[in-house]
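*Asks:* Two independent chains are provided; combine them into the complex using the hints.
Protein sequences appear in the order of chains A and B.
Residue numbers for the first sequence, in my numbering: 1 to 771.
Residue numbers for the second sequence, in my numbering: 772 to 1121.
Rather than coming from a laboratory, the hints here were simulated on the basis of the structure.
Here the structure is a predicted model, which means the values were calculated and not measured.
Even for Gly, the Cβ is constructed at its ideal location relative to N, Cα and C.
Be careful, since some hints might not be right.
If we take Cβ atoms under 10 Å as the criterion, some of the chain B residues that face chain A in the derived model are [what the hints assert, rightly or not]:
(1) R819
(2) N846
(3) R858
(4) E860
(5) R864
(6) D865
(7) D866
(8) G867
(9) A870
(10) I884
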Amino acid sequence: MRRSFVVLSTTIIMMVSLVALKDRAVISERASNLLGVDAPKEIPQLMRMGRISGPDFHPFDRQASAPQQQPLLLSDATAPVGTASAAEVADEPPAKPSAEPAVVAQAAPPQQAASSQQPSVDESALRYFASRGDKARLQVEISRLRALYPTWTPPGDPLAVPQNQDKQLESMWQLYSEARYAEVRKAITARQAAEPGWQPPADLNDRLAVAEARTRLINASDLKQYETVVNVAAETPSLLTCSEVDVLWRVADAFGHTDRLQRAGDAYMYVMKNCDNPAERLATIQKASALLPYSVMQDLLSQEKPMPDGTREFESIRDELSRRFVAEANADPKLAIAPDYLAHLERLTETKGLASDALLLGWYNYGHKDLAAAEKWFAAARTKEDSAFASQGLALTLIARQAPQQAEDIMFKWRDASKEAGATYLAAAANLLAIEPPVILQVDVLQRIAAAVVKARDVPSAQQFGWYARGLHQPQTAVQWFETALAWKADDEPSAYGLAITRAQLNDRPGVAAIQRQWAGRSTRIADLRDTDPTQPPSRAVPMPSGLDANDTSATNGAPEVARRDLQEPVREARYLAAAPREATPITRVRGARANASIGCTSTIDPAMLSPSAALSRGWCLMGLKRPAEAAAAFEAALVSSAPRDRQDAAYGQSLAYLQLNLAGNAAVAAIKAPQSRERALSLQTAILAKRANAAFDEKRYRETILYLDQLKQIQPEQIGLMVLRGYAYLNLKRYSDSIRIFEAAASTGDRDALNALANARDAMAHPSPG
Amino acid sequence: MNRRRILAAAAGLVCLFLGGITAEAQQAMVKPTDWLAYKAKFLSPGGRIIDDGNGGISHSEGQGYGLLLAYLAGNAADFEQIWYFTRTELLIRDDGLAAWSWNPGATPHVTDINDATDGDLLIAYALAQAGKGWSRSDYTEAAAKIAGTLLDKAIVRSGGRTLLLPGVSGFSAADRSDGPVINPSYWVFEAFPVMNALVPSTKWQELFDDGHRLISQIQFGPQKLPADWVSLRRQPKLADGLPFEFGYNSLRIPLYLMRGGVDDKALLARLHAGMADASSSIRLYYLSSNSVKATLDDPGYRIINHIMACILDGSVLPATAKSFAPTLYFPSTLHLLGLAYVTEKHPECL
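Only chain B is shown next, with the shape it has when bound in the complex (with noise of 0.2 Å):
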């Protein structure tokens, strides 16, 4: 058993060297000592990932980003885990889509039955690498299922764009009178090429490219950075009723950009020119009167402005984005995934 593990680590560390990785040999991207750490602390044994950081509750985005996780450290076991509580608890809505939000304390404990797209998206993605690393054709199938409904509720075409709407319901030019609403943070392009092979589509193609054009359109305020939601009936403005910030949603949008490997220094310039301040932490704005809602300095959070600096400038990663020790849920994940991306992609910002 150990020594099958030994083997595959220094499988893993040969192709990273040579640079070429491919997803059938799938090696650890997330290091099992740090995944280790990040299931001891939001792992629990029945399978959720659990948000410390917002009263203990589970919901699809963390099921989506923990089985993504176990996926990149390697680790089927806890990806199993993972998934028996996704599918056992959240895969439960008639269409096939997740319930976004569970609660330990409710009964019952799913408190919210609508879907969330971006849970989807990431639980669909995970399933499809897993499935193909693992060869588990269950996991594909699931994926796939998953994708082809994604494909027939959430992907509407308006004003001339393909757009992912954040969830099945509510969201629509139909359910809103300022709809379409979308939530820019949600477009997870790094799935959508591994959805396009599941259930091929021109759709995902034109979610990859609108969404990028669209996160380059939408410049709010002074500091040119796009909100959390946005309404696109007419020219894109802030929606009504919800959160009018730069704020914890959009900060990912950096990450998923650079992941899902769009190639755009300009706007990743923009973006760190408006959300980084002069020591790495993220700026949240409120974008009415565009003062500062927060400024985030955990490093989990600060990476993201690492990674950016050093597409942009070259800057190494300083050795507390380097090292990983969990602290809450999400700011630990996002650094986990800032971690994946720079040992696959850039090892020379290490």
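Isolated chain A (complex conformation) (with noise of 0.2 Å):
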């Protein structure tokens, strides 16, 4: 239950921990590539386009009427043209064998060059690379020209527009240069319906489909209209070029947005296999280290090339890489990263001592289970930086180092950060009170963790703190505990058994019932619950000064404390002070009844400063109030005093706050500082006893156990309840006879504890566990 509760929350708290460092977004890709499948679009020609280089210069250009075109892209634009066919053979790439004597001689004309000797020849291509200095593409146009047409001459200057051009068709390309596509578009429609039949150059056309094609691309992309990107894309494969490597981004982010990362994987790919300028493949890899995962970095940055000054390639961003890739296998704990990018930021860690650095590191050791450096990380980023992040690492790593009080001590401050800030507090808080054997807690320590946890509303925390109350014989603030958990969730089954026993502890039997009512065919356990003593008589009440309650400890009515053994319930009682909750908003009705009684000490004061007979009213105050240490304190002062029946009181006084504090020994020291009536000094001797025997009990001194309750016998009668206890001692030192014995005995009053103990014991015999 508790244990449940803490392993529970700690792994909450550590994914959302994770995932609260990462880029959200870059989780849901992945998690969606997992599931993604290939996209049914192709984008055809995306793998088979080679280097292309310039933006104007693609496949159009060589298609427009001869087939057998060559990509011939001289570098010397200055070669005479007239000894043009063998030049351009020798610069032509071996992979090409020339055709161009085939090309000269081809027999079907294109249909411009048709017409005359002096063929019309469309030069307003000419023209716009020379308007555009284009000296290269000027060159490549008219090698094509003149071998469409060899008798041809190319113009002396290609800007001066000669006679009978078209003036239209040169306009329209001026206004192309000038990117005014929408007036391009108008005049050819304007053209074509003044003259039926015309249509524009094919160069023109393609070219304006293309300009088309990217503003719509552009524009899908920057309103994240994805879909769109990808289909513009796909129809015009001729933008996928290495000319275009925005548009490729932008394809490979449409890509990667609609769940098809492997296609987005590709376009970046394509970028890094054939697109040669650094900044732009620097900026690719930057950019799909967003998108892809690991796996398919590491694939891409595999094609990285030396530089020409012998460093590599993608140095300068080796560090938000290696930062990237620890966070992301943070985010996966079953990735596993090449060992060099840790090493990478390990040593960024040392020398820039970034705190962010720090925590990464800290996580990833954290998910791979190397506690001490996860701890040695998460210090030295609070060193660096305290934040929530940090503290919440360290803290978590605290816990599963075994060290609970330390977390707690260092989430406090950062509890209200946010909600994993919280939820880390708490699971700390809870560890804290759940360790056994239990941690001595300061009494601020206690009252802020209780201040945390009635902020939070936290049942578990709740709960805890009812079992934790209950180990320091504090059933009434158990009781406070378990009913402020059942009134935050009313249908928490442990707390609500909590709350039953302890009541049956106090020998509430009406709210014992209550609860059996409400829980009727809910909870096994709760249903059978008994009340353990049914031949003990009823309790004495002893005179109490006021401030203490009538239901206070086993001191008061002669009963020890009942002890539940069942082998089921890992219960256990612990030793030390708890204090009481003090600010609980639930709890005051409770607590109202003694807030009359309670005025006068809520303060704090020194009691050496008060008069003894002061010194004593406080103590009984305090002890109302369940501060036994203080109480203790203060009877202390009024041991001093010179009336024998206020000493008397105040010895027994200590006793009891002592028992409280569950200080046997100091309660028998504290017993006899003053002489007490034998009724009373009975009682204390059989609280102290059955405390002692409790105690040895849960600290698995059987033998000692039975020693004390030996010596109980000697005292009264052995009731049913220790009986069991003794059973059990018995049981856990193997003496198996014995243990059923006396079972056996004390379940044939019938009672259900008893007859529990018996079919345990009956059970152990049969199947003895190992050691």
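*Replies:* As structure tokens, this is what we get:
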């Protein structure tokens, strides 16, 4: 019960914290990538596009009329035109065998060349290139035209618009060069209306189509209309070249946002394999790393080229990449990343000392169960810059390293930073309360934990407090906590059970019955609860000083605490001080009855400053407020009273206080500080022995338990509950026949606990557990 | 070139007098000089229609009107120019409808990626007309695509009626607690039969008929006028959070009814009585208080009342209505649409 809460909350906190450090979008991408299916659409020519440079030079340039065009790209623009053939052939890349003569001899003339000796060659592209100062393409165009029209001579000054040339077409090219595409379209349509059958040059048409597609793609990409991006790219493959790296990025991005990470990877890989611009290559890696998972990134990174100065191409972003990959490993514990990245990040952290880097390493090591390393890195992060995240990491590590007290201490000031931080704090606190053997906690620590639990209305922690209080022999406090937990969550069965057994302990039979009614049919163990001592005489009310609750510890009613030893229920009772929550709102209604009596000791006063009788009153008041340590101190001050009756009271009170603190030895000492009445002495002694027996049992000192029980038997007949305790002590010492004998005797009264115990013992004898 | 234009104009004139106009023989219902004046003021070189009454933004409605007017003016070149802007800047939604709002000063320019179905409808309608009239299969295909998407996503059945939602998201019964919410002035009646020819479906006729019925039923206040935004969750009532008025949207309703060939003089009479003042200006109303929001005396607004008056009692359009000079984008657009209608269907009013 406690453990499962602890484990669950720890897991939740860890996962949430890990996610918080990571780009959520990336995780969802990766998740969807795992589910993703290849897109039905192909980008047909993406992988077939070779290295093509320049935005205006694309296959259509070559295909205009003659199918056998060569993509000649002359580096020397001043090559004499007349000797073109030989020179051009020589300049061709060897892969493309020269087909020039074939072209020149080609029989089928293009339509424009058919008409006359001086063919009306469309020189508009020529002028366009010339107007842009693009000598290289100008030369290519010249070569192309000369190949088409061998009798044609290129103009001396391409920029001069010759006579009888198509001025309208010139102006269309001009508009195109100014990117005034709407007006080009308008001019084309106007001319087609005026000259039926006129077609713009395929060149111009195709360039317009590409420009238009580019505009639509970029607009759609800016507005996150990813399907449009992909569709436009598919329709216009010529856009997908190294001269349009921005378009390629947008297409990759669109794929990435529509669950097609494989395609996105392909697009980025195209750039890495084919494109040269260093800045674009670097940017491609950066963009890809925001989108693609680790394994795909390694493929892209394998395209790293050596730089002329000997450095590695992606050196400048290696820091970023290391961080990114470690973060991904943090989000996915199953991912194994290359140790290089970890080593790089560790070096980086040591040199630059960034808290965020230390945090990444902390989470990595925590996720990979290297807790010592995790602690080191989280501590380093906190030293550099304390933050909720760093503290959370450290706290979780400390909890895993069985140091929840430190964890609680660290997380306390960050508990309100976020929901995760609050949950981490409560987990630390719960772990702290659940420790066995329980930890001595300072009053202020317990109070702050209580305050946090109340503020968060955290049911498991409130329940934990109930068990804790029980262990400290503060059943009233335990009742308050269990009731609080149930007020926050009426169907919390463990809290109901805790409340039931504590009420039973306090002999609140109507209370127990009420719970049993509420939980009838819903909880076997609640239903099975029985009042343990039906044979016990009703509790004798010892005259109470004001301020002390009539239902207080076992010392007042003479019945030792009933130990319900259910082997299945690992309820342990702690031995240390518990401070009751004071500012808990749901508890005040119970405390209200004592409120009047408590007035006068809520403030902190040094009892030595008071008169002995005032100290005595204060002591009882503090006992009522469940502050036995302070009460003991107050009673100590009252022991110097001149009145014997006051001294007796003070000794008695101090004894009770020490019993509450479970310091039975001190209680024994206190009891003799002033002679007590026989009744009080007997009841004190009984209580002390019973506590000692229980304490010994808690600490697995079973022979000692039996010793105390024997002593107790001297004073009064052994009650059923104690018989059961004795039986369990025998059982744990593997003295099966003895334990069964005792249980049989106890069970003969019909006591349910005894019957259960007997069944357990018989079971244990039949199947002894090892060790 | 010039000869061809004169020939075309002559043919148009002849057809006018004969009164039988078919879509195939497209002639200029908008006078070339009027179109020239309009586009000089409202058409940018990049092809966008500038709404100068609205901070100079552009929108799918304006593009639709621009395309339609260019077609009615018989100007294929300008049509292509306007279409270029429309398809590269607005028609980029994943579903193929148009983003409705575009601002030259914003980055990105599209400030609202939502569509407005009257804009989508106008664009598709103009494309369909132009595709048929000028034998441009690319226009026809584009129109059919939009029509199909509207059918799938913007036309719904609710309360026994077929409705056009103002946008594909945000107006349906699932999207609003008072949904479905409609804008009655988005019913461009003349477009529905054209859409039906592109993507046949009984819904287009249902839309036509149910729209007519709805506009007849929706009567708010003593003026008995429709509202710009109406919730049809139960009985027609004003929509939450939207302007509660007979406003700039609704004043188009009678124009669309008339252009769409809805023959309902009683309805026109009621609308005219509610929205026209003595000088044929249009009165806009705040429907909660029944107070006048604005009195619009621009000739482009008043022509709507003039046309209604002509249909109802035969009064001829005054000179101010017959002559066009561009003022602001919206009334200028309505002016030309009104004139085109009269030219085509009621030349006796001129």
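*Asks:* Each hint should be assessed against the structure and marked as holding or not.
*Replies:* Hints, verified against the model:
no.: 1; hint: R819; verdict: 9 Å, holds
no.: 2; hint: N846; verdict: 9 Å, holds
no.: 3; hint: R858; verdict: 7 Å, holds
no.: 4; hint: E860; verdict: 6 Å, holds
no.: 5; hint: R864; verdict: 6 Å, holds
no.: 6; hint: D865; verdict: 4 Å, holds
no.: 7; hint: D866; verdict: 8 Å, holds
no.: 8; hint: G867; verdict: 8 Å, holds
no.: 9; hint: A870; verdict: 7 Å, holds
no.: 10; hint: I884; verdict: 5 Å, holds
The structure meets every hint from the earlier list without exception.
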